[in-house]
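Take the sequences, apply the hints, and build the full model.
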Amino acid sequence: MKTKHFCVIGLLFFFISYLFFANILPSFHEPIDFAHWFNLIGACLLLSFNYVFPKNKLNSFASILTTLGVIAHIGLCTIDFIMWSFEDNDNAKAELNYQIRNTPSLFYPFIVIGPSLLFMGLSMHALNFIKSYFILVLMVVLGSVAIGFSFFVLKDGIYMLLGCLIFVLGLGLLLYKKK
Numbered sequence: 001m002k003t004k005h006f007c008v009i010g011l012l013f014f015f016i017s018y019l020f021f022a023n024i025l026p027s028f029h030e031p032i033d034f035a036h037w038f039n040l041i042g043a044c045l046l047l048s049f050n051y052v053f054p055k056n057k058l059n060s061f062a063s064i065l066t067t068l069g070v071i072a073h074i075g076l077c078t079i080d081f082i083m084w085s086f087e088d089n090d091n092a093k094a095e096l097n098y099q100i101r102n103t104p105s106l107f108y109p110f111i112v113i114g115p116s117l118l119f120m121g122l123s124m125h126a127l128n129f130i131k132s133y134f135i136l137v138l139m140v141v142l143g144s145v146a147i148g149f150s151f152f153v154l155k156d157g158i159y160m161l162l163g164c165l166i167f168v169l170g171l172g173l174l175l176y177k178k179k
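Position 15 (the sequence shown) corresponds to 15 in this note's numbering; numbering is contiguous.
Source of the hints: derived by calculation from the structure; they are not laboratory data.
Be careful, since some hints might not be right.
As the list claims (entries may be wrong) - With a Cα cut of at most 30 Å, we get these calculated BS3-like pairs of lysine-lysine:
hint, residue 1, residue 2
1, K55, K131
2, K55, K177
3, K4, K131
4, K131, K177
So, in structure tokens, the structure goes:
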């Protein structure tokens, strides 16, 4: 299997996780938390983008950000798995949420800043093609901004899904651009 195939599978898994987050797909919580498993596996497979785009200084920095973002996604999904394990115990979920929000060493790297690094890194990878594929690069950058804005400001899963769709399409099309 080629590296590009891992990229495509990662994009597909990542997008499917957003279908779950937006409640488009049924919320299967038994026997596992499918939404976060798809997100976790998708994010890990997105590391493959570090190896498919041109090698230069921008790519090196983008690879570092992408890797840090994947690590943060692993932490975020771990927190969400623990939250999921409480099932209907809203008090326990509230206590864990309170504890995480009041622990900066968890809150910022794994909730606020860290996961955003994945989108920043992949957007920087896309910037390598700004002169020849401006629209696709714009899709990746605006899609990543839309995901963050819809998550932190709007708190709306549908807008987050639309942002993810634009982001995934832009990256997927860049991946198979004509040379």
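- request: Hints the structure violates: just list their numbers, smallest first.
  value: When the structure is compared with the hints, none of them turns out to be violated.
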